[in-house]
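*Asks:* Whole structure, please, built from the sequences with the hints as guidance.
Number of protein chains: 2
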Amino acid sequence: MSIPPRSETTQPDTHPSRLRSLESSTEITVELGLRSYPISIQSGATSRTDKMGFASRLAEAIGDCTHVILIQDASVAASAGQAIIESLPHHGVRVSILEVASGEASKSTDRLTDLWGELLACGTDRRSVVIAVGGGVIGDLAGFAAATFTRGLRFVQVPTTLLAMVDSSVGGKTGINLPGGKNMIGAFWQPHLVWIDTDFLSTLPTREYVSGLAEVIKYGVIEDAEFFEFLESNIAAIIRRDPEPTRLAIARSCQSKARVVADDELETSGRRAILNYGHTFAHAIEATAGYGAMLHGEAVAIGMQMAASLSVDLGYCDAGLLTRQTALLEAAELPRSWPEADPAKMIPIMARDKKVAHGKLRFVLPESIGSVKLVGDVPEENVVAAIQAWI
Amino acid sequence: MSIPPRSETTQPDTHPSRLRSLESSTEITVELGLRSYPISIQSGATSRTDKMGFASRLAEAIGDCTHVILIQDASVAASAGQAIIESLPHHGVRVSILEVASGEASKSTDRLTDLWGELLACGTDRRSVVIAVGGGVIGDLAGFAAATFTRGLRFVQVPTTLLAMVDSSVGGKTGINLPGGKNMIGAFWQPHLVWIDTDFLSTLPTREYVSGLAEVIKYGVIEDAEFFEFLESNIAAIIRRDPEPTRLAIARSCQSKARVVADDELETSGRRAILNYGHTFAHAIEATAGYGAMLHGEAVAIGMQMAASLSVDLGYCDAGLLTRQTALLEAAELPRSWPEADPAKMIPIMARDKKVAHGKLRFVLPESIGSVKLVGDVPEENVVAAIQAWI
Chain P
1 MSIPPRSETT
11 QPDTHPSRLR
21 SLESSTEITV
31 ELGLRSYPIS
41 IQSGATSRTD
51 KMGFASRLAE
61 AIGDCTHVIL
71 IQDASVAASA
81 GQAIIESLPH
91 HGVRVSILEV
101 ASGEASKSTD
111 RLTDLWGELL
121 ACGTDRRSVV
131 IAVGGGVIGD
141 LAGFAAATFT
151 RGLRFVQVPT
161 TLLAMVDSSV
171 GGKTGINLPG
181 GKNMIGAFWQ
191 PHLVWIDTDF
201 LSTLPTREYV
211 SGLAEVIKYG
221 VIEDAEFFEF
231 LESNIAAIIR
241 RDPEPTRLAI
251 ARSCQSKARV
261 VADDELETSG
271 RRAILNYGHT
281 FAHAIEATAG
291 YGAMLHGEAV
301 AIGMQMAASL
311 SVDLGYCDAG
321 LLTRQTALLE
331 AAELPRSWPE
341 ADPAKMIPIM
351 ARDKKVAHGK
361 LRFVLPESIG
371 SVKLVGDVPE
381 ENVVAAIQAW
391 I
Chain A
1 MSIPPRSETT
11 QPDTHPSRLR
21 SLESSTEITV
31 ELGLRSYPIS
41 IQSGATSRTD
51 KMGFASRLAE
61 AIGDCTHVIL
71 IQDASVAASA
81 GQAIIESLPH
91 HGVRVSILEV
101 ASGEASKSTD
111 RLTDLWGELL
121 ACGTDRRSVV
131 IAVGGGVIGD
141 LAGFAAATFT
151 RGLRFVQVPT
161 TLLAMVDSSV
171 GGKTGINLPG
181 GKNMIGAFWQ
191 PHLVWIDTDF
201 LSTLPTREYV
211 SGLAEVIKYG
221 VIEDAEFFEF
231 LESNIAAIIR
241 RDPEPTRLAI
251 ARSCQSKARV
261 VADDELETSG
271 RRAILNYGHT
281 FAHAIEATAG
291 YGAMLHGEAV
301 AIGMQMAASL
311 SVDLGYCDAG
321 LLTRQTALLE
331 AAELPRSWPE
341 ADPAKMIPIM
351 ARDKKVAHGK
361 LRFVLPESIG
371 SVKLVGDVPE
381 ENVVAAIQAW
391 I
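Chains as they are written, first to last, in full-length UniProt numbering: chain P, 1 to 391; chain A, 1 to 391.
To be clear, the hints were calculated from the coordinates, so they are not data collected in a lab.
Incorrect hints may appear among the rest.
What the hints assert, rightly or not - Stretch by stretch, here's where chain A covers chain P in the computed footprint (C-beta under 8 Å, at least three residues):
#1 103-116
#2 147-153
#3 171-185
As the list claims (entries may be wrong) - Anything over 10 Å on all C-beta distances counts as not near chain A; from chain P, calculated:
#4 Ser56
#5 Ala121
#6 Leu204
#7 Ile239
#8 Arg259
#9 Glu267
#10 Gly290
#11 Val378
Stated by the list, open to error - Computed beta-carbon distance windows for the label pairs:
#12 Glu31(P) with Asp318(A): 45 to 53 Å
#13 Glu27(P) with Ala262(A): 55 to 63 Å
#14 Asp264(A) with Leu374(P): 34 to 42 Å
C-beta: ideal position from N, C-alpha, C; glycine also.
*Replies:* The following block contains the structure:
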């Protein structure tokens, strides 16, 4: 995939009647040997009955399949789920629909136990295929259920939020929370297909859509300087959700994530840690704000600001990087600071993060746009200063 | 490993004072590429402080480790757990002990949820190591908890029953039951080490020990004719639990299982199905008898008789095979028939078995001692006759 000349993407066609006629489709492969899988990204192609549609792509990725279980967000994803169901062959495929309430509370041991029982009750066997339709919560929960039912079912991700499209649906991380720890239980379980349609974004609330842009911008900072420039030029059109630049921004983000995941599928080499740029701060922000008070992407945006300040402070990058990042986050209408940030509350939470190896604070810090490094043993006083810089 | 000349093994040294002085140790590798691991089998070496002991072998298999969680059977395995704990270094390794009641009821979603919480409460992180000490129930539950806590902890199996030593501790199958289905939830999660010490068998009740011999004999029938002959010659000494022939029988069984698992780690090629010889019948016997009324190995022995009869009936093998199998099971003091067997109850259960692909009955049938084949679409009347042959 390449970024098109700017003249094309800054004058997008936004006439609603033409949204479904776009032929454009991008396919990215996550290279994981026998577990490789495609991410297919398009605009308005889901219910097409030709080779561009979901059903055709599913048949190619999955092979034979006579039972599909759609696990979907009870509210937001209903129209996406409907498009998926309509696209499936009317004969020879039995479809079971299981609904899950949106919201982090569904990633619980209770909901998981119920879901396991529902899978059994609808006659799921080893040849059944789970299709998760919804945001990150649905994908994480349904993916973990798929990973563990009869020791593993084939699994398809159909993300319907921007955040899920560019982050959680790619890479095989699935799981649930324990009362004492987010994502504490889970499995690496790669999907057989990730199907992304920008049409699903049309009903997403603005605040949630914008929140997803934080992760998009993150990819530019951590490993794709050309993409960062593309975003600087096209952020207004992406905020308007113009299909073509939006599709390209999603595709390029997925490509970044696919590269990192291919290098470090099981988070063992350390490479995958670069995806946590801004996240050590963000998790502490979310936890002190109370989960749900701030959207994940909003916390990531503020966390990226703190991480960039920390990097400037420690001399790993110049202040120009911070200036460009701040400007792009601002243009994306994302928050850059948080008046309630309290280092005394945040630092103990950061020290408990499960990515911390035996208590040592470790950060992903930018060296330049498109390049980051892992830094361990950062003095606490610098961390405090980085937090205070964005209060 | 080779089977020693019969003159050695039919005159075993059973003097109790010498049980702990045996130097003999066998190591088998389960060949799974990056997930390869050793099965170490010995008699009375666990608490040794030299390179033959558990602690030394653990350090070699695991590398650095500062936190160990022993998940153990609350009753039977206590002495084995004590031997493990005593063997560990007194400095630099924190040991947490979690107890699980023996019995199938512990393989439940409730007990799993509690265990996840207990792991969190004892400060488990990604570098912690889970050691499961007990029978199959403990290994399956602890293994699944290890597979899923922070998306996967390193894991060691220390089986204390014969059945767990020769079957469930090798091969990476972990999991729990749902109210409507045994082993319905789980993961393939390979241990880093399987540590077997025949000393752990000394307190095992006779009925449970003998039950485990059914799986031992199974390996001879399905893929190791020489081992079957060894068992025919040495079964009396093995029933007496003489350490050397017992250790060899365990080692040879593990070697069989390791070969099959290496060929088909994730149960995808069909090869692993040969391990289910006798099991399709056995699961139906266990279910109609009520779980717990009959031990698993007892049901497997009867199921092997039914499968062998079915094979003779369908012309896949001659009656001599059945005669030899019957004689060996009898010499092992295992049941060969079940007066309450009811085809009308068993066949519907066999059709629901999760290994059944879309409702078709499939059996592992012997062709000769040491060789079996998968046979699909067996007429129901032949299955009925095979059950009735052993009422």
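*Asks:* Which hints, by number, does the structure contradict?
*Replies:* 5, 9 and 13
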